[in-house]
Structures are given as structure tokens and as C-alpha cells.
Amino acid sequence: MFDSMVQNFILMIEKYWKVFLVTGLTGTLELTAIAVAFGILFGSILALIRRSNILPLRWLVAIYIEIIRGTPLLLQLYLFYFMLPQWLPMLELSKFACVAIALSLNSAAYVSEVIRSGIQAVDRGQNEAARCLGLSHVQSMLYIVMPQAIKNILPALGNEFVMMLKETSLASTFLIGDLMTSYKLVNGATYLVLEPLIFVGIIYFVMTFIISKLVGLFERRMAKGD
Amino acid sequence: MIKTVDLHKSFGKLHVLKGVSEHIAPQEVVSIIGPSGSGKSTFLRCLNLMEVPEQGQIFLDGVEITGKKVDVDLYRQRMGMVFQQFNVFPHLTVEKNITLAPVLLKKKTSAEAKEMAAVLLNKVGLYDKLNEHPSRLSGGQKQRLAIVRALAMEPEIMLFDEPTSALDPEMVGEVLNVIKGLVTEGMTTVIVTHEMGFAREISDRVLFMDDGIIAEQGPPEQLFGNSQNPRTKEFLSKVLY
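Listed in order, the protein sequences are those of chains A and B. Residue numbers for the first sequence follow numbering that gives the first Met the number 0, beginning at 0 and rising by one. Residue numbers for the second sequence follow numbering that gives the first Met the number 0, beginning at 0 and rising by one.
It is possible that part of the hints are untrue.
Computed list of chain B residues with no C-beta within reach of chain A, every gap over 10 angstroms [what the hints assert, rightly or not]:
#1 Met0
#2 Ile64
#3 Val69
#4 Leu73
#5 Arg75
#6 Gly79
#7 Gln84
#8 Pro89
#9 His90
#10 Leu104
#11 Ala149
#12 Ser164
#13 Pro168
#14 Pro218
Label pairs and their in silico Cβ distance ranges [claimed, not checked]:
#15 Thr207/A <-> Pro168/B: 35 to 43 angstroms
#16 Lys67/B <-> Ser211/A: 48 to 56 angstroms
#17 Met162/A <-> Lys122/B: 51 to 59 angstroms
Everything labelled a hint here was simulated from the structure, so no lab data went into it. A quick note: this is a predicted structure, and the numbers were derived from the prediction, not measured. Virtual Cβ for every residue (Gly too), placed ideally from N, Cα, C.
Use the sequences and the hints to build the structure in full.
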């Protein structure tokens, strides 16, 4: 039984490694990178708005963040996957684009909270001291508050990357071409369950393990700099 | 030099300043004493608009700065502030703590600012810490750095908000000495303090604040030695023993 499993495993990798590593892994990494990159971009903007004085905008952003964080990602994926092409038919969005947009908008909500709490963790006196010296609000943020906030934010962003890497697996619901999709493809072609699951699991694990180790290393170096 | 007219400030329902009118003359040294919660710090923080009063006016050299069109940042460059909690910048070296603002605000070139930092640090005995980060400094050293940082902007007035209250007792002296040196050089100074002996020694005038107003004021000998207001007497009897 075990022998045949090992044999199946090797045969499967020989025949389908391209499905796993080219289609699957690339798709997962692409989705993750897009989601986190736009997540950081939009998340920063959301965080800035939440710290601004424009009340109606602040409320809108707060509501947005609460809704995103309070509903399942899978539900959000369904919503965008089916509704975006109807709402914005002129854009002719691909399946991949719809999923990427949903993931980015989800990531933005979490990242904005990461940035916001990172800034809040910097002692208020730092900004006060900077302003008392005559620095403008922007200068104070740029030279005094953000450099200190970054130390809190970067490790948390690394964790967001790890989270997103795993969550992109939900995109396989729509056979979008990520790692989990490659499991489904191989499973459909070979009727094997355990072997492709194990292989896909190993790939996920190796990636998240490496990334979290890198984040940890980075965190320690940051701490030393103080 | 600085004049305030009927300042009022509330935090939520708490009415902290209930009409403070004061005039601080050039080169004058004014200490503000009083029980906690009396509005001392709030008054001081209003002077450089770290707190914006809801009512009343502040004039600097005759120009109103409480109006809407005033560039607060420009005004703050003319006043130095030192905090109870030091608030030195932990991510910058001692030198950079001092040079950042003057260089960024184009008051000085980088070379000029560095030169000035060296001179000032020498004066307060911290020159050997030039390239250290503040985490390597003691509380007293941090506060001396904070004073030097403010001085590097060449302010016309220095505001001190309980500069020694967060210090270990043995470090109070070194900070007070630096402030005393400044005062001797003729710096206009407003200091909120609980160091009664120090206030008595260096001040031209002492303000006693209680419940959001200046309850009594006068030269230190009079206020400490012969106060007229029963509340001043009560406060002093509690802190001087």
C-alpha cells in the first residue's frame, strides 16, 4: 500500500510537475503578489483617510473595513467573481482579474488596520515634539513618525503576505489556476487524492515557512537597530 | 513678548482654562506652580498652540497668532518646548536629533547645524554621545538632549513642561543646571514645575494657578514668603515642609 503510494507520487510528479509548479505555483504567487501590492497601496490610502479630518470619508472607510473583515473572503470572492463582469461589462474583466480584485480589496482592509495600529503605537509625544520644533504635519509623519511605525508595520505585512498566500487557495473555487486548482486538475485526471494534496501541501508549507523565517530574521535586525 | 487675553480651553466637559490673561516680557523668567489639574500644562501648551484655545487671543510681539490664517509651524519655530517625557527621537542619533529640524526647515546648512550641535552638546556635557542613539542615554541625559534640540532652532522663548518630573532624583540637578545656565544668558523662559526651590531661585515672577485661573502672582519672595491668597498658602503648606 505504502509502496504503491510512493510509486504513484513519483509518477504523478513526473507527469504533472508542470501543472503544479508552472500553472499552480506561478498562479498562486501572482495572485498573492498582486493582492498584497495593491493591498499595501490601497491600505495606505485607507489608513491615511482614517487619520484625516474628513469625517464622512473616515466613516465610509471604517464601514468598508468592518464589512470586509466581518464577512468571509469566500463570499467576497463569489460576489466579485459573478457581479463585477455585470457591473463593469465594458472592462471585459477576466476571471483572474475578478479574483485578483476581490483579494486586493480584502487585503487593503487588513493592511490599512496594520498600518493604522503601527502608527498609533508610536508615542504621541514624538509627533508633538516634532511639531513643536516647527515641522509640518507631513514632515513630522515623514521624518519622525513613519520611520518608527515602519518597525511595527513591516513584520505584520510579512504575516499578511503569508496569510494571503494561503487564502488565495479559495480562488480555486473558480479554477483560476492557482496551486489548489492544480490539485483539482491532477485529481480529475488521475483520481488520486492523497498524493496531489500532499505535494500541494508541501509547496504551500515550504513557501510560508521560508517567508515567515525571513520576516523573523528581518524583525530581529530591526530590533537591533534601536 | 507673549500676551494672552482671556484664554479658555475645555477637554470635553472638563473646563480646564477659565480665562487666563498674562503678559510675559522679553527675557523674563516665569514659573507656573499649582496643584495638578489646575491647568498649568494646558496654559503652557496653548502658548505654542499645541492646544488650541476655544476662546481668547494670543499675541506674539503684538501679532495675533490665534487667528485662522496664521502659519502655526512658522510661529512654533520661534519657541522651544521641553516635555516631561523628553520625547527625544529614538530612531535618530544624538547629533541627528539636534540637526534634523534646523536643516529640514532650512534655517541652517547641514554643516552649520552640525557645528552648532557640537557646540551645544559640549555645553551640556554630552559631546561624547554625539553618535549614540538615545536608548543609550540616561533620563537626565535625554532631557539635556531635548533642551539642546530645542535650542538648535534658536528660539526666542523656551517653554518647559515639568522638565524634571520624570527624572530619578539624582538626575534632577544636572537638568536644572542647564536651565539655570539658559536663564542666566537671558533666555525668555516659562517653566511649569514642582521644584519650588528652583522656581524661587530663578524666577522673576511666579504664577500660582488653581482651577483654571491664575489665582495669584508676584515676585518669588512675595509669593512664597508672603502670599495673600488662602489657596496659595494651602498649596504651599502642602509642598513646602
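So Arg75/B supposedly isn't at the interface. Is its beta-carbon more than 10 angstroms from every beta-carbon in chain A? Contrary to the label, Arg75/B does not stay out of reach of chain A, its closest Cβ about 5 angstroms off (not over 10 angstroms).
In terms of Cβ atoms, is chain A entirely out of 10 angstroms range of Val69/B? The assertion about Val69/B holds, with a minimum of 13 angstroms to chain A.
Decide, holds or violated, for the assertion that all CB atoms of chain A are farther than 10 angstroms from the CB of His90/B. 5 angstroms, violated
Can we confirm that no CB of chain A comes within 10 angstroms of the CB of Gly79/B? 8 angstroms, violated
Beyond 10 angstroms from chain A, beta-carbon-wise, is Gln84/B? At roughly 5 angstroms from the nearest Cβ of chain A, Gln84/B sits no farther out than 10 angstroms, so the non-interface label is violated.
Beyond 10 angstroms from chain A, beta-carbon-wise, is Ser164/B? 14 angstroms, holds
Pro218/B: least C-beta distance to chain A exceeds 10 angstroms? 29 angstroms, holds
Least C-beta distance between Leu73/B and chain A, which was stated to exceed 10 angstroms: 7 angstroms, violated
Holds or violated: 35 to 43 angstroms for the Cβ distance of Thr207/A and Pro168/B? At 52 angstroms between Cβs, range violated.
Kindly confirm whether 51 to 59 angstroms is satisfied by the beta carbon distance between Met162/A and Lys122/B. 52 angstroms, holds
Cβ separation check - Pro89/B to all of chain A, threshold 10 angstroms: 6 angstroms, violated
Ile64/B and chain A, when compared Cβ to Cβ, separated by more than 10 angstroms: Nearest chain A Cβ is 13 angstroms from Ile64/B, so the label holds.
Violated hints, listed in ascending order, are 4, 5, 6, 7, 8, 9, 10, 11, 15; each of the other numbered hints is respected by the structure.
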